[in-house]
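Whenever a hint applies, use it, and build me the whole structure from the sequences.
Using our numbering, you'd call the opening residue of the sequence shown number 678 and step up by one each time.
If you anchor each label on the Cβ, the simulated ranges turn out as follows:
| hint | residue 1 | residue 2 | range |
| --- | --- | --- | --- |
| 1 | Arg814 | Gly962 | 42 to 50 Å |
| 2 | Asp935 | Met855 | 16 to 24 Å |
| 3 | Ala834 | His812 | 34 to 42 Å |
| 4 | Asp720 | Gly962 | 50 to 58 Å |
| 5 | Ala710 | Pro864 | 18 to 26 Å |
What the hints contain is simulated information worked out from the structure, not anything from laboratory work. Note that the coordinates shown come from a computational prediction; the quantities given were computed from them, not determined experimentally. Every residue, glycine too, gets a C-beta built ideally from N, C-alpha and C.
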Amino acid sequence: MPLTATPTGIDTWIAEMASAAVRLAALRAVEGAAGNISLFLPDDTPGLDRFLSERMPRAGKADVGDSAALPPGVLLITGTGRRLPDLARDPDQALCAIAFDQEGAVWLHRAPGDVRPTSEIDSHLGIHAATLAGHARVHAVVHAQPPKLTWLSHIPAYQDQARLNRQLLRWQPETMVMLSDGICVLPFVTPGTPEQGELTARAMRQHRLVIWSQHGVVARSDRGPAGCVDLIDYVETVAEYEVIDLIAGRPATGLTLDQLRQIARRFGLSSDLLDSLPEGVLLPGS
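Shown next as structure tokens:
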């Protein structure tokens, strides 16, 4: 009889959220109380019922507007005004939970201390709803502000999605492999608004990483928070190469589109993204 993997328990998932926060801090991507993490867990996650009853009791109905189309389960989400690295020290004062029950009711759970969900909850709920599409499974969303990528998003040329992908994918083969679906670039939208949530949810149907121009980045992963931070780490690394090249006067060419296509063929990836990108890279003075 084949062995069945034991589902990951709630304590392990909370520890992974804390580890993700520490990694984001090491990237200098979550200054102060900036950044947020959410993690959807199916309602049969080991230890989840005990966690809610003992550490985060029900505080009342949750107001999630029209974004509540999530399957039965629990959304762990960091609190507004809370520092992400505090997840490692006192997760109950950095997190709250939104429970979606079998009857369609939505409940807020939290420890004493009045933790409220991040102000960017609309984006988190929209992304989870669009990606899960009614099927309960582990799914994480992370928003952060990696400095070099965020700085590039203030430059008009990098607010063009095709141009940004051409400039960033050229620096490392790993980036092409890990982000073969490309990087989506959205225009600046006022943070924490329903418009931001709607635009981001729509973009996340095709992409796993979205840049909010002049603001930061949001990533999603069905491998949990660690998977999200991996994507952010990959993109911030190539953004650093791009900044170095820009400061140096753009002497480097990076990988050509033909070389990127060879990488795509080697790893069985679609080249549709590459076919949509400009052939050349930005020249000195541009």
